[in-house]
Amino acid sequence: MKVVVFQWPCGTPARQGFIGQAYRGAKAAYERNIWSKVWFRRMRDAKDRESFWQSSVMLSKIVDARLDVWSFSLGSGSEVSDAFELTVKAELERRIEKWQKEREKKLFGDATPSSAFLSDPLPRPPLSPRLVPSFLALSPPGIGRR
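Using full-length UniProt numbering, read the sequence shown as starting at 1 and increasing by one per residue.
Worth flagging that the hints you see were computed from the coordinates, not collected in a lab.
Note that the structure is a prediction, hence the values are computed from the model and not measured.
Pairwise CB distance ranges, derived in the manner of DEER restraints:
no., residue 1, residue 2, range
1, Ala28, Ser73, 19 to 27 Å
2, Val57, Lys27, 19 to 27 Å
3, Gln54, Gln16, 37 to 45 Å
4, Gly17, Ser76, 44 to 52 Å
5, Lys106, Glu79, 35 to 43 Å
6, Phe18, Arg41, 30 to 38 Å
Pairs of lysine-lysine, PhoX-like flavour, derived with a Cα cap of 20 Å:
no., residue 1, residue 2
7, Lys47, Lys37
8, Lys89, Lys61
9, Lys61, Lys37
10, Lys37, Lys98
11, Lys47, Lys89
12, Lys106, Lys27
13, Lys61, Lys27
All residues carry an ideal CB built from backbone N, CA and C; glycine is no exception.
Model the full structure from these sequences, guided by the hints.
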């Protein structure tokens, strides 16, 4: 099954430039999330220790913080998973923390640009009174309209 996260109106996936980088990053994250759910379900439904271990190892290689969003909605686990889930909890938390640190270095799936590109080096002129919304123009600083 081929999943396309973003397509141009003409039907071809975005492949180049900034949009292409964002597309590849989003697609990879989406696929990791799908596989995380697969391995989580297999881990929760494991009937023996070996199946639980295999699934937990695979899950610990790809899981990210979205685990907290959907893990409770997948129901309770088997006796094996209930008995051994604490053995993998720390590993999953380490993986999630590691992935969060990696994400801090990215912007839409690509390396974060230099801070020179992210800051506004030129001062902006104040807004013209015509462009300021009326509720801001009439309110004293720090006090909103009621």
